[in-house]
Amino acid sequence: MGLLSDPNRRKALTNLLTRLNTPICVVCYLAAIVWFMGLAFEPFTLRTYMSENAMGSTMVEERFSAGERALAAAKEFNAHKRKADGMPVEWLVKAMQARGLEVFTQSFFQKLPFPDENKERYMVRGTNVYGILRAPRAPRTEALVISAPCTPGGTNNQAVGILLGLAQYFRNQVYWAKDIIFLVNEHDLIGMQAWLEGYHHTNITGMEYSPLQGRAGSIQAALSLELSSDVITSLDLVLEGLNGQLPNLDLANLFYAFCQKLNVLCTIQGKLQRNDWDSAEGYTHAAQTMMLMVLKQASGRSWGDHGLFLRYHIEAASIRGINSFRHYKMDATTIGRLLEGMVRKLNNLLERLHQSYFFYLLPSLSRFVSIGYYMPAFGLLAVILLLRALDLWVHLGAPVLSEVDGVSEAEQPSSPGVLSVLTPVVISHLTGVALYILPVYLQDMAVEHFPVSETEAVVLTALAIYTAGLALPHNTQRLLSGEGTEQGWKVLKLTSLLYLAVLLGCTALINFSLGFILAVTLVPVTASITPHMLKSVSALAMVLLSPAFTIFYCVLIYQELMEAPVSLPEGLTIFLSVISQGILDHALYGSLVYPLLALFVYPCWLMFWNILFWK
Amino acid sequence: MDYSNLFTVYSCLLLFVSIPCAYSNYVETKAGQFFSSGHTNNWAVLVCTSRFWFNYRHVANTLSVYRSVKRLGIPDSHIVLMLADDMACNYRNPKPATVFSHKNMELNVYGDDVEVDYRGYEVTVENFLRVLTGRLPLSTPRSKRLLSDDRSNILIYLTGHGGNGFLKFQDSEEISNMELADAFEQMWQKRRYNELLFIIDTCQGASMYERFYSPNIMALASSQVGEDSLSHQPDLAIGVHLMDKYTFYLLEFLEEVHPASQANMNDLFKVCPQSQCVSTPGHRTDLFQRDPGSVLITDFFGSVRKVEITKDTISLTCPVESPMQRSGSGDLQVETFTYVDQLPVAEIIHQIH
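Those sequence lines, one after another, are chains A and B.
Going by the working numbering, the letters in the first sequence line up with residues 618 to 1232, in that order.
Going by the working numbering, the letters in the second sequence line up with residues 35 to 387, in that order.
Wrong hints could be hidden among the right ones.
[Claimed, not checked] Facing chain B, from chain A, some residues (calculated, C-beta under 8 Å): (1) Val677; (2) Ala755; (3) Ala1063.
[Claimed, not checked] Pair by pair, the computed Cβ-Cβ distance ranges are: (4) A:Asp948 with B:Gln310: 40 to 48 Å; (5) B:Asn300 with A:Pro660: 49 to 57 Å; (6) A:Gln972 with B:Asp183: 27 to 35 Å; (7) B:Gln223 with A:Ser835: 49 to 57 Å.
If you're looking for bench data, these hints aren't it; they were derived computationally from the structure.
Ideal placement from N, C-alpha and C gives every residue a C-beta, glycine not left out.
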């Protein structure tokens, strides 16, 4: 009982804490890394299983046989798409109506904050076409969505073809308990965002869209198809959505179960499953798959058209057909059957998918790591910050204790003025706000004065503000009257450590991968920073582990894992495009990675930078 | 000399006199056997306690027993059928208006003259117990009542999801084995049954009949405590399991039974051995006063009227034993029993004063 209130015991505890602090921190860090890498080791993972009782097993008879007709429709679609140079709205409307659906269209218009150089668009105007298959006997309270994107060029025609083929087949069945919406969206994510906003009567992104004329009820699940060839060798499942949100694991389990039933090769992250988990290659394969998922989740982008459904609590996944150089190929009928089976099982649902996990990592399609297993890895990193903060708190309290024995009044250590601690905090956050607002705001001015395009202007302004922040400590010190004290930087560091711990903790709860990656690079350098270290070396270390460089490393690692390694200059170009995509994602779909980094993580890092240059 | 003649004549006379006596004795013994079962009417209470499409098999179970019971003669007016969900008209049923028991869709147990008395959300523990004990509001129609008397043989069939000591009704409530035992005791005290056959097809079904303590009850269950009852076959076209193993083999057995068959309870106990059912069916006969071998299947599953035509008068003895004479003085204090006032208003008012 008296462990903390008894001064002698307390002193012993705090001495222990102070002495062992650094070793414990180092051990925790290494343990966190080892734990994280160990997650991909197969004996530590669990086999996936269907949790939803209503969906049961793959007990369904698939009778879809109109694969050839679907491909013929795909060819027609391609021809009309080329003729209309965009979405062939009239042809699609007629085709869907001929298959017995209730067809509606929605037009939308969105002006991007700056031109998107990857997809070459700036002012986006388009039309979504969707047809509703009404359930013959059920009330119109629930719906399922199957979507295929209309992309320019010769891609994704077969997806629309299969969509129409399925629509025709489904129309002849009597066992639908939910309405099925067949959606063809233009301009992939922007069109999908417009449709979802129109469906749910929200307007998050300031898009202009015409209201939806036809509606079908609350959407329970959605599947998005991407298919660009007549025959495929494998199907890839894409789960990562906006802000790192994932659909319920049962959807992935359903897909995997049907792939096994129909003998279809299925992959995740484009990687096949291996059976030799005890060999080194097997383990690295699983670790690579998991790292890819972590990187994709951390980016906060929606990696398929399904990603935007997740924020409305609609479980959605994208299925991508891949045609690689393999002997065994599958035709459109098999894909149709797989989708028929999945939709029939989703039809049996009575409630939204909620029985299985929402937070997980997949080292392969049949094994998963749940949040209870991967969160300790982050917890160990957060503990380092808390231990350091505790250590600092003890040190801040200690001089008062020692003074009691010594001289009574004179030489009270000057408690740091609130101003000297608050100033770096305020200025760092103001820099963060500048980093958030100025790049887009000042792009016109930048284009006038420099020979760059708008996108480059935005990105380079962002980088410029980022680098300008590095010069801040020298300037803020000039602002302050008098010098900072020994106490001052300790208090600042204590606040910053707690702030960083809370920030990373909250991020990890929502998007574990983002929190973990930021923690891995930020925690070692911030925990050990003091003004008394060698300035040049520690400054270099801090810069190399700053958020911007973290993004750069992630880009390089991602390219390496995708088996398309890039050299440094190419990596730099990709890095710049990643920044522009991040800003665009935030403006177009409400992705929170860019505001988080600009408004919170970067100011926090700047506060530590201030500590390094404390005088 | 004429003694031998007289003897033969005398013996022939005796013979002629005794034959009708023997015959009437024979008829009387046969008449004695005629009323050996002691019941005059049959009732059936068939309950399916689970809803939702994936519990299709429970509705199919109940409807198969309903079908057998009707085929063997119990009319709809004497059957209380409780189905918690409508599978035939469920949106997900690819063959609307049918409920199949076999995957080749051989037998549509829904048929075209099903009379469901309690449907959907009306199937609750409270309604079930009220049906058994007869405590229904005055406005309840006759079709929803169990109007049995002390000469009724009642078949009670329950199916659904259960556990050790309870049966789940519709995902929101349970009935425990103690409640069921008490309900049967109430029925016994109110003379609402002559004999009761209780069949349950759920997981750990044997736990439901462990607590019975009223006489004349025979119970069968599809599995012992700690065992799960398994479903029989999935049907890919419909997409669900169609029936449970125990009831499937029970139905197969009952299809062989016809109103005149002499199959008895021992054959029923042999239905679905462990090799077929995977679970071990159990039964309980200690509360039953007759020997199960002498109990016909049709005593419970059918409504068989025995008719024998005879031209002789038969004196019938009362099959109910008179209460034993107590030894000791003949001064017997005979208590007259009256029902307790359900709401003793006079007393309450008196107390308030």
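Which earlier hints can't be squared with this structure? Per hint list: 3 and 6 violated.
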